[in-house]
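Chains as they are written, first to last, in the working numbering: chain A, 1 to 160; chain B, 1 to 502.
Derived from the structure by calculation, the hints contain no laboratory data.
Treat the hints with care, since some could be wrong.
Unchecked claim - Covered stretches of chain B, as calculated for chain A (at least 3 residues, CB under 8 Å):
1) 37-44
2) 164-172
3) 214-222
4) 386-395
5) 408-414
6) 454-462
Claimed, not checked - Estimated spans, in silico, between C-beta atoms of each pair:
7) A150(A) x D225(B): 34 to 40 Å
8) F23(A) x W471(B): 33 to 39 Å
9) Y188(B) x V138(A): 42 to 48 Å
10) I49(A) x L140(B): 26 to 32 Å
11) V138(A) x M346(B): 37 to 43 Å
Unchecked claim - Partial list, derived from the structure: chain B residues whose beta carbon lies under 8 Å from chain A:
12) A54
13) F138
14) L178
15) R192
16) D225
17) P226
18) F250
19) A405
20) F417
21) E447
22) N448
23) R451
The beta carbon of each residue, even a glycine, is placed where N, CA and C say it ideally should be.
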Amino acid sequence: MRRIKRQSLIGIASIIVAAILMFAVIPTWVSSPSNVRNIVLSPLFWPYILSGLTVLIGLGLVVTGFFTTDPDEPEQPAISGGYRRLGILAAIMALTMFALPRLGMVWTSMLIFAATAFLIRTSHPRTAIICAITVPLVLYGFFAHVASVAIPQGNYVRLP
Amino acid sequence: MSFLDSIAAGLSLVGNFEAFAALFVGVLIGTIAGAIPGMSATMAVALTLPFTFAMEAVPAILLLLGVYKGGIFGGCIPAILIKTPGTPASSATVLDGYPMAEKGQAGKALGMALWASCTADLISNLSLILFAGWLASFALNFGPPEFFTLILFSLTIIAGVSGNSLLKGALSAMLGLLLATVGLDLVYGTNRLTFGDPNLMGGLNFIAVLIGLFAMPEVMSMVWDPKPHEGKARGLGNDSVTFGEYKRCFRTIVRGSFIGVFLGSIPGIGAAPAAFLSYSEARRKSPNKANFGKGEVEGVAASESGNNGVAGATLIPLLALGVPGDVITAIIIGAFMIHGLQPGPMMFVLNKDLIYGLFIGLIVSSVFLFFIGSLAIRLFKYVADIPRGVLFPGVLVLCIYGVFAVNNNIFDVGVMFVMGWVGYVMLRNDIPAAPFLIAFILGPLLENNFRQAMLMSGNSPEILFRGPITWFFWFLTLLTVAAIIRAGIRATRNMRSKPGAG
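Bound conformation, chain A alone (with noise of 0.2 Å):
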């Protein structure tokens, strides 16, 4: 029964998403010539139809949904921290675009493989902080000495 909530839950979550972007987001964020005769060429025809499209496959998964039984299929279990850990991540990402700019890539990179791999319970935390040091000073060097790209270095310490 609770799978068959998930399949409408999708659809109703669909159906909601296309009705923002049809009442809401189009019609201020897609710009539209007022030259264009036909709606067919208009910037804003792709956008509606797919935007309708949404809505009649939603609509399909929430019907679809409250018919179809899958009993075979178990739920995915809890897993016990398993939101912490994913909520602690999500921070992990955000801190990144916000150290980038400001640590360089390599720093960062550094600071980011230490806390994922303590974050996954690493059983190899030595080898994890040699890695976690290694890994990101060789991709430095191939993609700022090999590939030429920009990598960039921060406001503190810059590496040749």
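Got chain A sorted already, so can you dock chain B onto it with the hints?
Okay, now just chain B, sitting in the frame of chain A:
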């Protein structure tokens, strides 16, 4: 340009150390990545892509093709030795490969897997060479209406067969098409869904979207459930495969290869169904059918020939029509685009030397696969021991560097993170990500061809039904939808008829 001239031009492109070295390194990386449980061939190709930006077009594409081929084969090693398929394509190999390993015949199973893989790879490559040119010359007659119906058909079949539900696949494709509308309008140049941000004017970066969708969710799954890999690697044993056994399985290998070629050339089907179909056909026709599932070497040959038969054939729609057949070829189309090349029928006219260069490289890749595969079988235990607690943080850091390197833009890293969460939510809800990515790539082509067709006809939709080719693709699209709906209804009925269901 005659056939021999084309081969000579192709040889001039690939007949150098750099091209062969790239191919060799690609097969090596792919085999290692495929053999690591938790890494997939898709992830390996996606993570290798950023390293090709600084390379010439031919070595770059050969490197990726090598990773693809190596990755598909490499998946069979953990499937046989630790009962964990390295890639989904190797799932069928577990059925007989692991029982053989339990009997102390892992060396024989892996040997047969290697012989079958290389044979199938060669057949698949030859099929590509034979059919891609023919299909491309036919596709030269296509105009915008024909391409519109072709892309629509491809998206329908990809949405229908990628997951368990046509509706979820269609939702995924629709979201990909919507995301593809972000950026400047193709005809009028006005802003569409850019939210006033100049970073969005060129649309979302394809590499950021693909790495976000296919690599980041694996990292998130590991964070959700951080468990070390399970299973202990079995020893290779003293038995190795003999020429007599290869000869006995040859018919099965050829049949499996052609099943792989056929299914691989249809967009969206992929290697795993080919492996299972090849396996079931081999079991149906084999005199040893009772032994299947208990450690039959013919079962290993069937599944490995099925999945490797796909590898060359998925390039048929990519090279001839410009339509990626699966996620890996969608990534490879990205490599073409980065180097200013557009796969499709015109490529067979404008870049014939490059096409033949790739064909030559693909044939050589089968030989490299044989030697690297033989070595990988012996060295697997070192690969299997890479701790996941070190591997996945490394993948995360590699993703950040790779995505940044495309445009030197931190904004793309943010796009990758967001798409990672989108991909993870889709993964948790059984919504396939492949239709999303392929629709994201094909979205601008679909819209562009539709608008060109409308311009040609003065906005009359009749042009979309103008000839036998468009009718053919409309018919195939309807047939696909009907077949998928019928299969869904049958599956539901079967489930309800099971005792205790519902």
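Please flag the earlier hints that this structure goes against, numbers listed from lowest up.
Going through the list in order, the structure violates hints 1, 13, 18, 22 and respects the others.
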